[in-house]
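Spelled out, the chains give:
Number of protein chains: 2
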Amino acid sequence: MSEYVAPLADMRFTLNHVADLERISKLNGYQHADPATVSTVLDEAGRFFTEVISPLNRVGDLEGSVLGPDGQVRTPTGFKEAYELYVEAGWAAAHMPADWGGGGLPYVVGVVIEEMFKSANLAFSLCALLTHGAVEAVRTHGSDELKSRYLEKLVTGEWSGTMNLTEPEAGSDLGAVRTKAVPQPDGSYRLFGTKIFITWGDQDLTDNVIHLVLARTPDSPRGTKGISMFLVPKYLPDEQGNPGPRNDYKIVSIEHKLGIHASPTCVISFGDSGEGAVGYLVGDEMEGMRNMFTMMNPARIGVGMEGLALSERAYQRALAYARQRVQGRPPGGHQPVPIVEHPDVRRMLLTMRANTEAMRCLLYYTAQQGDLMLHGGTAAERESAADHIALLTPIVKAWSTDLGVEMTSLGIQVHGGMGYVEETGAAQHFRDIRIAPIYEGTNGIQAMDLVLRKLPLADGAVVARLLTTMSSVLDELADYDDLEATRDSLADAIDGLAGTSAWLGARLAEGDLDPVLAAATPYLRQFGIVVGGWLMAVSAVAAKKGPADFDADFLSEKVNTARFYNEHLLPQSLGLIPTIEGGADLLNAARF
Amino acid sequence: MSEYVAPLADMRFTLNHVADLERISKLNGYQHADPATVSTVLDEAGRFFTEVISPLNRVGDLEGSVLGPDGQVRTPTGFKEAYELYVEAGWAAAHMPADWGGGGLPYVVGVVIEEMFKSANLAFSLCALLTHGAVEAVRTHGSDELKSRYLEKLVTGEWSGTMNLTEPEAGSDLGAVRTKAVPQPDGSYRLFGTKIFITWGDQDLTDNVIHLVLARTPDSPRGTKGISMFLVPKYLPDEQGNPGPRNDYKIVSIEHKLGIHASPTCVISFGDSGEGAVGYLVGDEMEGMRNMFTMMNPARIGVGMEGLALSERAYQRALAYARQRVQGRPPGGHQPVPIVEHPDVRRMLLTMRANTEAMRCLLYYTAQQGDLMLHGGTAAERESAADHIALLTPIVKAWSTDLGVEMTSLGIQVHGGMGYVEETGAAQHFRDIRIAPIYEGTNGIQAMDLVLRKLPLADGAVVARLLTTMSSVLDELADYDDLEATRDSLADAIDGLAGTSAWLGARLAEGDLDPVLAAATPYLRQFGIVVGGWLMAVSAVAAKKGPADFDADFLSEKVNTARFYNEHLLPQSLGLIPTIEGGADLLNAARF
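Note that the protein sequences, when read in sequence, are chains A and B.
Residue numbers for the first sequence, in numbering that gives the first Met the number 0: 0 to 591.
Residue numbers for the second sequence, in numbering that gives the first Met the number 0: 0 to 591.
Hint data in this document are derived by calculation from the structure and do not stem from the laboratory.
Warning: the hint list may mix true and false statements.
Since copy identity is lost for identical chains, a pair holds within one copy or between any two.
[What the hints assert, rightly or not] No farther apart than 25 angstroms at their CA atoms in a straight line, the calculated lysine to aspartate or glutamate pairs in the DMTMM-like style are these:
1. LYS544 / GLU475
2. LYS224 / ASP172
3. LYS544 / ASP584
4. LYS249 / GLU422
5. LYS224 / GLU340
6. LYS249 / GLU421
7. LYS224 / GLU286
8. LYS249 / ASP203
If we strip away everything but chain A, and leave its shape as in the complex, we get (with noise of 0.2 angstroms):
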């Protein structure tokens, strides 16, 4: 049995028929992206993903990635000949830049590889996702000559790329970040410091690592306004482009952590043997922040996407389990019967499902806004989907993260007993996800950039104007006399995000922040819970139009699973206005 097989039909429906694939493929550059070519290119990345990555997701766990004597980090059996042939078979470049040796994807295709890569390993897809990074902020910011330099061999997955952030005593916080950057008569700098939790900070699997490092000139102001980001490659490239010199930093020690154990997450000390390590401004100083939030703004989708990998691969194991297990007669039967017919169990997976397609749409969808965004026709379709993208980042992230903590924790309640021996493999998906709410800005912080920054986007248009977009479903559902119940669950959720938003923006108007921040994570909640509803009825009623591309037996369980998600599941989004407008008095008075 495989682990992991790709959900290419759902995948292929979502894509074409929630996030309008045809209108991306007619985007200005985009015009080789036609469904049919992009269908072959997913087959393909399919078989590559199932058949080469997904099976080292279990040595990775096992043998972990580990720091040699050397000083340098050692992957897992397998990784190094999967990685050569990821990059030789153009996946690490497939929606990158073609004007840098990418295939020129559209992003909302280059989210659907991501997800396979994440399902299949999502340890060792962190390396790519940080390398995308990279290559976002050094072709947004960096010089011609850096672009010259390190672009191509990052587009191509030839060289990797890091984000180096965080340090002991600035995580969340970053305009605590003490790291020096003393600059030479040559234009480069040195740079003095200790970074932490730096994904994948080195590796054996290319020939060299391009650091993107956060730190501070002498006399920058204090705070976030005086970071500047560098660029600190692990070997210096002498004059042809190849690796030369090894930079002055070390890897002082990687993580023991609860999973993602094939990634290795480094501690680094820049400057260790008292030179320096030299490194190369990206964008003007005093502007690392803005460039760091370039990297940052894809990857916390891609964070969010890993909430929705691992649910999917932990439901197909969950199903494959319960299909094949037999226990326990049903009400009134004699015979014992495969546990996927028990009600409860199908509870679980129909879950699973449900929440699993909810978050497929929403990643696809915030992508197709990302495409739009950057090759959109007009500039107010531009403008619009910069604004949608910008709220629905954070909702990506933190409500995508914590449902996948979920779900895999359903995983492992599927299997009973089985799921929590750690050879069945469900134990390793609630591992590895349960970092994903933390990383790229914990869910908390996710929270407050949806109340403080976003909701008060245009004065709250922003969000009118999503639930503007998410009313405008109703219509169509009330074509379908089955699509009753879904739409008036569907809009009494719409009714009770917009009055929490009503609510969040007069208290943001009069100033008073406390409540706000008090409800920031269950509002957050709400929100995903609610857009959820709305783009699973989307595909409801794409499903019910029948297009010709997939099967009856498909469509009907499309509809099935959305009637779910809003019948079942939307409502609790209910439960939750109380929470949001219940104040902060109570968290103040708390003595702790």
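Using the hints, position chain B against chain A.
Chain B only, in chain A's frame:
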């Protein structure tokens, strides 16, 4: 920093003012257990578990129990010495029957000590949990011969006990048990078969291990009706009662699990040499299932306790971290502050505290009912308590253990990136507790027990009586202005539960089981949340009355926490109603 300190103040408050220890101490046989004496006992217990048992929590996780080449399980460093102290001090026997060497304390006091053990070291505590189960089975169903030979040694903890139920094809469905028991001329039996998932199936702490094994005698009827229970000692006692010849079974392997590494989960092969393991019938033939529930019901409450115990430990750890970790500025502030001052962190901590205190209320209340069931002054009192405990047992088990997973996850989240690093210790709680929703009957089984067995008790009158009891606190809340919102919220929540109970009752009356089974898990969740709200309201009213043995700060915190539970968390129970009443059609229609 100590990782766990028994929360003696809250324990005493809950014991005295929610579980009404005063009343219990007036029952026949418990007169020595007055609140003052019990308080002294708990102080001592707190010291013991904090100082002796808790420090072994991490070494237990790291080393685990291992199976030696001699077929003997070895426990982690320090466990043997600590276990000896535990037995010597009499903690093993504190609430065990006095006529067999126990301390004779009420069950409700035993449960407090059990909470300490589980918080201090969950994996270690399981050895005691299983031994207590064995005591119940032998005391209630064993012959005088068995009692005189085994009971005192089990009560004092000199020997340990186990439950051998599960087989590879018989998990949730024990009717599928195949282990054979062949009668011998001397009245004993010889057992042959393989048992799996045997918690503390072997160890090096005690001189003997006493297994209670479900097996089938020849020509017994199929299913659960044909199952008998046998006592199978590791070493057959000689005439003096000392361990003699080794019985014929083998520890085949121990599982590599997600957590509770110090607790050896064994595969045991009985009759491995061909002779058969010598076993003695407990009770009558074919009554194994009934006897098993004698062990299982208290064990289910004990497992529910695990959700409380690890939530408490996770809360203490998260709080300590949040107090000392300085990061980020409050809105408008200029200096970084301890993260405990950030509203979202306070929300997490208060959510953990509120749920933990609610679970403690439920656990102690349920245990109080256990004492009343056995020692109540009138038959009516005993019966009412028996009904209550029957109804509450599945809720205690499933609601508390699901919350345990959620609260330990929040505990990780409070730590940010440090929470994902194993050295911090927060991750261990999350791994350890994940078994609790599975063993001693999965939470799905508990939910079925609630809707199919407990809800119909006395034609629904048992649930109706509990709803009436719960409503009685509403009048008391009305005496306090600041509890008005709590009162409103609780009244709505109780109405909501009455509504779903009636809806399910109507389906049951029609024999329409599918929607009842589909609703079982969310209904149990709703029930747990509402019971928690009721008991937190009880504790708020008790605190308002200002009992002299607690200071004003403590009491005002109790009120604040109860308000947070009722005003912020309890309304989420209403969001479950559409899920509960959503029916089974969509579940049945789904194709898996």
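Going down the list of hints, with the structure as the test:
no., hint, in the structure
1, LYS544 / GLU475, "within (11 angstroms within a copy, 57 angstroms between copies)"
2, LYS224 / ASP172, "within (12 angstroms within a copy, 63 angstroms between copies)"
3, LYS544 / ASP584, "between (50 angstroms within a copy, 22 angstroms between copies)"
4, LYS249 / GLU422, "between (35 angstroms within a copy, 22 angstroms between copies)"
5, LYS224 / GLU340, "between (59 angstroms within a copy, 24 angstroms between copies)"
6, LYS249 / GLU421, "between (34 angstroms within a copy, 23 angstroms between copies)"
7, LYS224 / GLU286, "within (7 angstroms within a copy, 75 angstroms between copies)"
8, LYS249 / ASP203, "within (15 angstroms within a copy, 45 angstroms between copies)"
In terms of the numbered hints stated before, the structure departs from none.
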